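Q: In case you want the letters, here they are:
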Amino acid sequence: MHELSIAEAILDLARRSVPRGATLRSVRIVAGPMRAIDPDCMQIAWQGLGQANIALNLSILPWQMQCAACGLQWEQTDLPQQCPCGSTHVRPLGGDELQLLSIEVDDPEPKRCSSCKCKLSKTS
Amino acid sequence: MQVQVVQNVLKMNDELAAQNRNRLRNAGVFTLDIMGAPGCGKTALIEATLKRLTPQLRCGVIVGDLTTQRDADRMARFTDHVVQINTGKGCHLEAHHVRQAMDRIDLPSLDLLFIENVGNLICPVGFDLGQDLKVGIFCTAGGDDKAAKHPYIVCESSILLLNKMDLISHVPFNRRIFRDDIARLNPDVPVIELSAITGFGLEAWLNWLQNRREATGAKKELAV
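Heads up: the sequence lines are chains Y and G, in that order. Reminder that position 98 of the first sequence reads as 98 in our numbering, one-by-one numbering, no gaps. Just add 124 to wherever you are in the second sequence, counting from 1, and you've got our numbering.
Hints are computed from structural coordinates only; laboratory data are not their basis. You may find that some hints are simply not true.
To give an idea of the chain Y side of the interface with chain G (calculated C-beta under 7 Å), a few residues [unchecked claim]:
1) His2
2) Ala9
3) Ile10
4) Ser17
5) Met34
6) Arg35
7) Ala36
8) Leu98
9) Leu100
10) Leu101
11) Ser102
12) Ile103
13) Glu104
14) Val105
15) Asp107
Sample of chain G residues at the chain Y side, in silico, Cβ under 10 Å [claimed, not checked]:
16) Met125
17) Cys215
18) Phe251
19) Tyr276
Just so you know, these numbers come straight off a predicted model, no measurement behind them. Idealized CB from N, CA, C, for every residue including glycine.
My request is simple: use the sequences and hints to build the entire structure.
A: Laid out in structure tokens, this is it:
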């Protein structure tokens, strides 16, 4: 269940990236297939951190493959054993990506004056 | 409002691992992260290695398990420099575990450090600990399909060991399938067949260890 550690790391990094006063609403993550992240387990781990009000958007990248025989490069969602040319000398390229791409935040609440509660302008 | 971040999720772990690596290299300690499934023979391999290398070489072991001190007790027969880490629910070691364990070891008095990761073929691979090299262990009793099913450990390990060769005639294990899967995923990785129990293949493992340690510029030669 490495998803829990990764979920904790995502939350930590995302919180550090939130502008002062803003509220974190969602995070966008991309993971390579090598990481063996199960999306369902990841959502359960995320919920386990008590972050139901923050959406976790996870994209799993496809395998990037290269054939040593013909040089073909292609993408496939499951790890292929064979190149379309028939060669079995195929190997994955990269695949261990794990990045926080972006976060969505609610803008900070504008300051209100203490007497009439009107919104203060940025310069006030 | 969207805020672009584009940062490695495990940045904190990687930064701690880099600090660990600096400390270990400054102390002249060659460090291996030993990874493999539960029961594949990680502890037995380290025991067999310690048996051959100590006391000529000063070896330390950091042992990761969810619970119990049993592996540390086994290692303590060969070296005084043993730290057991109990991760509780954690299925792998992270750099902060190793940093805490390193604080309990006199690093300058060591030549070699083995970090026995928690038994798991998946999670430990993605977490840098500050080691020089990662070692992946499979075993014949585990089946010949484990390399194909666990590409990350095959691709990230500097060496793969096939342990329990003494059992190969008793279990259904096709070496050709196993080796072909590895060659497909990582054609450059060396594979050594051995038995930590009988000592078969141990020389090749110790020679690899010696060569790689020398290649890192560690402080003295192994007397294997």
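Q: For each hint, tell me whether it holds in the structure or not.
A: Now for the hints, and whether the structure bears them out:
Satisfaction of the interface hint for His2/Y is found here, the shortest Cβ-Cβ separation to chain G being roughly 4 Å, below the 7 Å cut-off. The beta carbon of Ala9/Y is positioned within 7 Å of a beta carbon in chain G (closest approach about 5 Å), and the interface hint is therefore held. About 5 Å separates the beta-carbon of Ile10/Y from the nearest beta-carbon of chain G, less than 7 Å, and the hint is met. Look at Ser17/Y: its Cβ gets to within about 5 Å of chain G, closer than 7 Å, so that hint holds up.
A cut of 7 Å between beta carbons decides the hint on Met34/Y: the least distance to chain G is about 4 Å, and the hint holds. With its C-beta approaching chain G no nearer than about 6 Å, Arg35/Y sits inside the 7 Å limit, and its interface hint holds. Evaluation of the Ala36/Y hint against chain G yields a held restraint, the C-beta minimum of about 5 Å falling below 7 Å. With 7 Å as the threshold, the beta carbon of Leu98/Y comes within range of chain G, its nearest partner Cβ sitting at about 5 Å, so the hint holds.
For Leu100/Y, the interface hint holds, the least distance from its beta-carbon to any beta-carbon of chain G being 5 Å, beneath 7 Å. Checking Leu101/Y against chain G by beta carbon gives a least distance of about 6 Å; that is within 7 Å, so the hint holds. With its C-beta approaching chain G no nearer than about 5 Å, Ser102/Y sits inside the 7 Å limit, and its interface hint holds. For Ile103/Y, the interface hint holds, the least distance from its beta-carbon to any beta-carbon of chain G being 5 Å, beneath 7 Å.
Because the smallest distance between the Cβ of Glu104/Y and any Cβ of chain G comes to about 6 Å, under 7 Å, the interface hint for this residue holds. For Val105/Y, the interface hint holds, the least distance from its beta-carbon to any beta-carbon of chain G being 5 Å, beneath 7 Å. A least Cβ separation of about 6 Å between Asp107/Y and chain G falls short of the 7 Å threshold, and the interface hint therefore holds. Taking 10 Å as the C-beta contact cut-off toward chain Y, the hint placing Met125/G at the interface holds, the least distance being around 5 Å.
Because the beta carbon of Cys215/G sits about 6 Å from the nearest beta carbon in chain Y, less than 10 Å, this interface hint is met. With a cut of 10 Å, the hint placing Phe251/G at the interface with chain Y holds, because the nearest CB-to-CB distance is about 8 Å. Because the closest C-beta pair between Tyr276/G and chain Y is about 4 Å apart, less than 10 Å, the hint holds.
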